[in-house]
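A.B. asks: For reference, the chains in residue letters:
There are 2 protein chains.
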Amino acid sequence: MKIALAQNNYHIGNFEANCNKIIETIKEARDKGADLVVFAELAVCGYPPQDFLEFDDFIHRCENAVRQIAEVCTDIACIIGSPVRNTGPKGKPLFNAAVFCFQGETQVFRKALLPNYDVFDEYRYFEPARTFEILKFKNKKIALTICEDIWDVGNSRLYTVNPMEELIVHEPDLMINIAASPFNYGQPKRRLEVLRENVSLYKIPLIYVNHVGAQTEILFDGGSAAFSADGHVAVSLPFFEESLKIVDSEELAALKSETDNLVIPEKMELIQDALVMGVRDYFAKMGFKKAILGLSGGIDSALTMVLAARALGSENVFGLLMPSQFSSSHSVEDALALAKNLGSPCSIIEIKDLFDTFDDSLKSHFEGRTFDVTEENIQARIRGVLLMAFCNKFGYILLNTSNKSEAAVGYGTLYGDMNGGLSVLGDVYKTEVFELARYINRAQEIIPENTIIKPPSAELRPNQKDSDSLPEYDLLDQILYQYIELRKGPGELVAMGFDEKLVNRVLKLVNTNEYKRHQTPPILRVSPKAFGMGRRMPIVAKYLS
Amino acid sequence: MKIALAQNNYHIGNFEANCNKIIETIKEARDKGADLVVFAELAVCGYPPQDFLEFDDFIHRCENAVRQIAEVCTDIACIIGSPVRNTGPKGKPLFNAAVFCFQGETQVFRKALLPNYDVFDEYRYFEPARTFEILKFKNKKIALTICEDIWDVGNSRLYTVNPMEELIVHEPDLMINIAASPFNYGQPKRRLEVLRENVSLYKIPLIYVNHVGAQTEILFDGGSAAFSADGHVAVSLPFFEESLKIVDSEELAALKSETDNLVIPEKMELIQDALVMGVRDYFAKMGFKKAILGLSGGIDSALTMVLAARALGSENVFGLLMPSQFSSSHSVEDALALAKNLGSPCSIIEIKDLFDTFDDSLKSHFEGRTFDVTEENIQARIRGVLLMAFCNKFGYILLNTSNKSEAAVGYGTLYGDMNGGLSVLGDVYKTEVFELARYINRAQEIIPENTIIKPPSAELRPNQKDSDSLPEYDLLDQILYQYIELRKGPGELVAMGFDEKLVNRVLKLVNTNEYKRHQTPPILRVSPKAFGMGRRMPIVAKYLS
Numbered sequence: 139m140k141i142a143l144a145q146n147n148y149h150i151g152n153f154e155a156n157c158n159k160i161i162e163t164i165k166e167a168r169d170k171g172a173d174l175v176v177f178a179e180l181a182v183c184g185y186p187p188q189d190f191l192e193f194d195d196f197i198h199r200c201e202n203a204v205r206q207i208a209e210v211c212t213d214i215a216c217i218i219g220s221p222v223r224n225t226g227p228k229g230k231p232l233f234n235a236a237v238f239c240f241q242g243e244t245q246v247f248r249k250a251l252l253p254n255y256d257v258f259d260e261y262r263y264f265e266p267a268r269t270f271e272i273l274k275f276k277n278k279k280i281a282l283t284i285c286e287d288i289w290d291v292g293n294s295r296l297y298t299v300n301p302m303e304e305l306i307v308h309e310p311d312l313m314i315n316i317a318a319s320p321f322n323y324g325q326p327k328r329r330l331e332v333l334r335e336n337v338s339l340y341k342i343p344l345i346y347v348n349h350v351g352a353q354t355e356i357l358f359d360g361g362s363a364a365f366s367a368d369g370h371v372a373v374s375l376p377f378f379e380e381s382l383k384i385v386d387s388e389e390l391a392a393l394k395s396e397t398d399n400l401v402i403p404e405k406m407e408l409i410q411d412a413l414v415m416g417v418r419d420y421f422a423k424m425g426f427k428k429a430i431l432g433l434s435g436g437i438d439s440a441l442t443m444v445l446a447a448r449a450l451g452s453e454n455v456f457g458l459l460m461p462s463q464f465s466s467s468h469s470v471e472d473a474l475a476l477a478k479n480l481g482s483p484c485s486i487i488e489i490k491d492l493f494d495t496f497d498d499s500l501k502s503h504f505e506g507r508t509f510d511v512t513e514e515n516i517q518a519r520i521r522g523v524l525l526m527a528f529c530n531k532f533g534y535i536l537l538n539t540s541n542k543s544e545a546a547v548g549y550g551t552l553y554g555d556m557n558g559g560l561s562v563l564g565d566v567y568k569t570e571v572f573e574l575a576r577y578i579n580r581a582q583e584i585i586p587e588n589t590i591i592k593p594p595s596a597e598l599r600p601n602q603k604d605s606d607s608l609p610e611y612d613l614l615d616q617i618l619y620q621y622i623e624l625r626k627g628p629g630e631l632v633a634m635g636f637d638e639k640l641v642n643r644v645l646k647l648v649n650t651n652e653y654k655r656h657q658t659p660p661i662l663r664v665s666p667k668a669f670g671m672g673r674r675m676p677i678v679a680k681y682l683s
Numbered sequence: 139m140k141i142a143l144a145q146n147n148y149h150i151g152n153f154e155a156n157c158n159k160i161i162e163t164i165k166e167a168r169d170k171g172a173d174l175v176v177f178a179e180l181a182v183c184g185y186p187p188q189d190f191l192e193f194d195d196f197i198h199r200c201e202n203a204v205r206q207i208a209e210v211c212t213d214i215a216c217i218i219g220s221p222v223r224n225t226g227p228k229g230k231p232l233f234n235a236a237v238f239c240f241q242g243e244t245q246v247f248r249k250a251l252l253p254n255y256d257v258f259d260e261y262r263y264f265e266p267a268r269t270f271e272i273l274k275f276k277n278k279k280i281a282l283t284i285c286e287d288i289w290d291v292g293n294s295r296l297y298t299v300n301p302m303e304e305l306i307v308h309e310p311d312l313m314i315n316i317a318a319s320p321f322n323y324g325q326p327k328r329r330l331e332v333l334r335e336n337v338s339l340y341k342i343p344l345i346y347v348n349h350v351g352a353q354t355e356i357l358f359d360g361g362s363a364a365f366s367a368d369g370h371v372a373v374s375l376p377f378f379e380e381s382l383k384i385v386d387s388e389e390l391a392a393l394k395s396e397t398d399n400l401v402i403p404e405k406m407e408l409i410q411d412a413l414v415m416g417v418r419d420y421f422a423k424m425g426f427k428k429a430i431l432g433l434s435g436g437i438d439s440a441l442t443m444v445l446a447a448r449a450l451g452s453e454n455v456f457g458l459l460m461p462s463q464f465s466s467s468h469s470v471e472d473a474l475a476l477a478k479n480l481g482s483p484c485s486i487i488e489i490k491d492l493f494d495t496f497d498d499s500l501k502s503h504f505e506g507r508t509f510d511v512t513e514e515n516i517q518a519r520i521r522g523v524l525l526m527a528f529c530n531k532f533g534y535i536l537l538n539t540s541n542k543s544e545a546a547v548g549y550g551t552l553y554g555d556m557n558g559g560l561s562v563l564g565d566v567y568k569t570e571v572f573e574l575a576r577y578i579n580r581a582q583e584i585i586p587e588n589t590i591i592k593p594p595s596a597e598l599r600p601n602q603k604d605s606d607s608l609p610e611y612d613l614l615d616q617i618l619y620q621y622i623e624l625r626k627g628p629g630e631l632v633a634m635g636f637d638e639k640l641v642n643r644v645l646k647l648v649n650t651n652e653y654k655r656h657q658t659p660p661i662l663r664v665s666p667k668a669f670g671m672g673r674r675m676p677i678v679a680k681y682l683s
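Chains as they are written, first to last, in my numbering: chain G, 139 to 683; chain Z, 139 to 683.
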């Protein structure tokens, strides 16, 4: 049996576009001789549809889409992900389903393991399946599962049932898993391990089809693949691209190989590609073309601009320089050099007059008070107003340039440099920002060397350095990683050798700045624990703070 | 048996404060002759603790708190809510538990029905209980459940098990339910119905203990009560206040009554009291005393100021008037009259100079372009910068004054009037804003009559009215309510008689402004479906948009 793996980029709620794409893919697969074409989890509506699933109208459109798709499946079958209604007397109103379509008939297979951690909320909408069926097609028995259904492997068992253990008793010839498995830089490797563990447990081939593309903060890297029965990757689809490939299930079952047809790129390449896709897809799906950002001469805005230029084209990324009396001359030079290297447009607006006018307006109210963080923030906020004025006047989308270290400790001005439609680097620690800048520059200098080597500074008061307010980033990022990604508490951090006072100070900064992160733009998620929908913290809490 | 109902206000993660309060309450209950004191769900850590539950350190502190509390329970018993670890080989790492403490011993009862909708995420953290036990104390059999455990009543069954049906076979003498049941204006009535339905099904008394107080956007109104076996409220605790009351379980079982000892206030009183508590508690828990807001002379800022003055004291609420060349004279007069009525401080800063300086700075870049929404937004953003400057300089917290109708359709300026630490009216539709203003003014004019009767206007261009851009609020709010609260789709709305073009326009406005709502302050939740953590929508989606 020839099976097509369809790794597509869907648009949440855009049934017309998704349906057209799916039907075109079915036709292409048929032209290429496929018997069955496999699409990703919830492909008809895009993933994650979130609370749209609570609208009867939305479910109705999903059902219509499946019907349209099924009508096309005459001399070819397809497996397509869609929500389906729970018609039983109890439980949540929907199932997360894989629908098998062939010759006008449909057969529904339901997901049993519903991830409800980090960015996942599936138990919010779906009832888990409690019974399991084999799909029979062309004299083959197929164990058809959905994403998480095959992820509860290894020692720690999150769930009390295991779908493949239920299905394997029917002696299937083949496993097919349709997925919506979001990217983080560790995910391609982890996914390979989990898929291979299933093959080594059940000793039959496995076909795995994932989403590709970005849904605001959630990035899908694709990485769809077909595994031979002996546990090797026989065919892999590219990362971060749409793709259609056909495999022969008999060949997969017979194949003996020594190596994987899969190369997982290294961390910086993965992060770069993910962020570029994230920016490109945000603009494409929102219907925008042009980005603007504040260019400070620093490394965060420089790196953001490079990534945006790769995503949107250099000519579509506009850099606005807004020096104040505290800006060093190299800041302007470095920013201009970057724009020149990229061939991107830029302009300069001095903010001194604006700052002075605010000063005048506030003078009588602030009498007797000295320059403090107020005046620093006013500068950042003037820049925010100017950038948003360009957005309003010309239709730019503002890119936020904050990094994860800053977002973590609240080193940024709300309604100032924390503005933006999308945060490009908000899940990239400052030390990773440096690493990624070096990676970008590996063949030629794109980001000016001086931008990389000078000490980080917000330049909001004379001779300011980040290190005046924060620990050195090398140390800070280690503590942040242990606390945010690994959920280590203060006792564990001190036991690891970090200074107790420093640990308490950093953890307090993270927790007391939750209110700031509540109002930041969506952050492209590239780590296993990003700020945003995958990390939910109360604001008024008093814990380690 | 004498049972104390302890309706307390807890602070998330503040174990010291929570523990002290719980231990003081135990002592007070003992002094008053109670045999058992009942606290709310997850009382030791506050509700909702969200992802703090993923920190081993946090759970460890919960366990310590329970241990300290148990040590105090020598000649009195208590029931206290706390997370406890799942020590089994499978499932999520925690249970949501009620711990019975007496004479140094503890006995754990686990929650089976885990709400995972709207503002609830319990399945993210907890494994549901699958076995059920009766609590035995002082020769009584008690069916002890936790919140949602007794809410799956009526025709539509969300869950596949029912804890009370499991427990009733043991013939308990009494039901006790500990809860964290958030407020919305319909909740006191709904809660009474659900509790009464349990009593009428199982025909034994019921003791119900809820939280009171605000946890950022989530408000708890209390409403704890003791029901006689014949289904009447024998004792009720006040709404929106801490309280401790003692009931006798024998008396409850024997009581025959005709009426409820409970009066549920009407909608506007409930909303007013909830919002005042929400503002007060936000400031108290964050450690702040003083609020600032932009006073426009309009009804939203006027109502916000009244509520804030009631929460924090008039002297702690500062109104900043920032008229532009487009502000009408009555705007300033109305704003000053309000501040005078309240006895609150206020100041005026004209923004014309600032606007002109922005105009100068941008002139060469915007050459040939005319006045549009850019210049309107600049005015709103100048005001945002000024308000935040006061916050930074004097330690005020900015209150956001947007209402739910504006938040719904995106009628507001991001980084301008959408700024704030807390949104007071973001879950109150414009038509309800009027209703609440009338309620506030029912005995005397606090909000100037002119503020209530003049047509709403943003005053960002000459002679602007809200109705230039939006449908009349009477009509708009009806459509919004059907779409947001009741999840009606366009077909259903048209079938209800709304104009199809208008429906499509409003729904598109709601959906395309998700990006704005993503960056707004937390909104005090008073309706069954508020913007914020209870309504989760994708940003890049293209659905009805």
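One or more hints might be untrue.
Identical chains share a label here; the pair holds if one copy fits it or two copies do between them.
What the hints assert, rightly or not - Calculated cross-link-like contacts (lysine-lysine; reagent style DSSO-like; alpha-carbon spacing at most 30 angstroms):
#, residue 1, residue 2
1, Lys228, Lys667
2, Lys646, Lys428
3, Lys394, Lys646
4, Lys603, Lys170
5, Lys680, Lys667
6, Lys159, Lys603
7, Lys230, Lys383
8, Lys654, Lys667
9, Lys603, Lys531
10, Lys428, Lys654
11, Lys394, Lys230
12, Lys490, Lys531
13, Lys654, Lys170
14, Lys341, Lys501
15, Lys228, Lys501
16, Lys228, Lys140
17, Lys680, Lys230
18, Lys667, Lys405
19, Lys646, Lys230
20, Lys228, Lys428
21, Lys383, Lys646
22, Lys646, Lys341
23, Lys654, Lys427
Hints were generated in silico from the structure; no laboratory data involved.
A.B. asks: Give me the numbers of the hints this structure contradicts, sorted from smallest to largest.
C.D. replies: When the structure is compared with the hints, numbers 3, 4, 6, 7, 11, 13, 14, 15, 16, 20, 21, 22 turn out to be violated.
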